[in-house]
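Chemist: Chains as they are written, first to last, in my numbering: chain Z, 1 to 112; chain R, 113 to 224.
Hints listed in this document are in silico derivations from the structure and should not be mistaken for laboratory results. Hints may contain errors.
[To be verified] Here are the simulated DMTMM-like pairs of lysine to aspartate or glutamate, each with C-alpha atoms no more than 20 Å apart in a straight line: (1) R:Lys130 / R:Glu191; (2) Z:Lys42 / R:Asp150; (3) Z:Lys42 / R:Glu191; (4) Z:Lys107 / R:Asp150.
All figures in this text were calculated on a predicted structure; none of them were measured in a lab.
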Amino acid sequence: EDQVTQSPEALRLQEGESSSLNCSYTVSGLRGLFWYRQDPGKGPEFLFTLYSAGEEKEKERLKATLTKKESFLHITAPKPEDSATYLCAAAYYGGSQGNLIFGKGTKLSVKP
Amino acid sequence: DVKVTQSSRYLVKRTGEKVFLECVQDMDHENMFWYRQDPGLGLRLIYFSYDVKMKEKGDIPEGYSVSREKKERFSLILESASTNQTSMYLCAYGGDSTDTQYFGPGTRLTVL
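Turn these sequences into a full structure, and let the hints guide you.
Modeler: In C-alpha cells form, the structure reads like this:
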C-alpha cells in the first residue's frame, strides 16, 4: 500500500537547537516529494519539491533532502517563528495527476 | 502571487442543512482539489476536478458533491450536513506537470 509516514509526531526544541524531521515513503515510483508548513487554523504553505534521490533544496533555516526511501527536513538554529506543523506528501506514478499522499505531519515547537 | 480564496473562514450549520463551500483561484489552473483535515487523520482528498464540468471522486466522497461551472471556481456541497462532517476544509489548485498544489486559507465548518 502506498503511504507516507512522518516522525516524530511532535518535536520540542530550544531556540538555536538544530534537528531534523523525517518523512519515509513507500510508493510505487516516486514522482515528487513535497514539504509544506502549516500554521494553526491556516492552509498549508508550499515549501519545497524534490524529484530525485540526492536532491537538496534550501530556504532560510530549512533544508530538504531526498533519498530513495525517505526525505528529511533539516532545521538549523530554529527560531520561535519556525513553530508550525510540517507536512510532507508524495506524488507517484500510477496515481492520478495531481493526487498526493500526505503524511500526518510533525508539530514543531521552538521555545525561546 | 499565488491566490486561492475560500468563501468563509468559519461556518456554523445545523444538521440536515445543505452547505456550500466555495473556492476561487486566479491562476487559470485546470486542476482543483477539495480536502478535509482532521486531527490524527491528516489531509484526505474528497473530490478533484481537472477541467470545467469534469470531476473525480477522491478517497472520501460520501456525503459530498462538487460543482465546477467555471474554470476558476470549484464548489463543495454537503447535501445534508451531519455532525461527522465537522472539520477543516481545504481547497487547492495546481497538480500540473510539477504536481505541486497550492492551498487556500481553509474553512472551519462546525455542524451542530
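Chemist: Tell me the numbers of any earlier hints that the structure contravenes, in ascending order.
Modeler: 3
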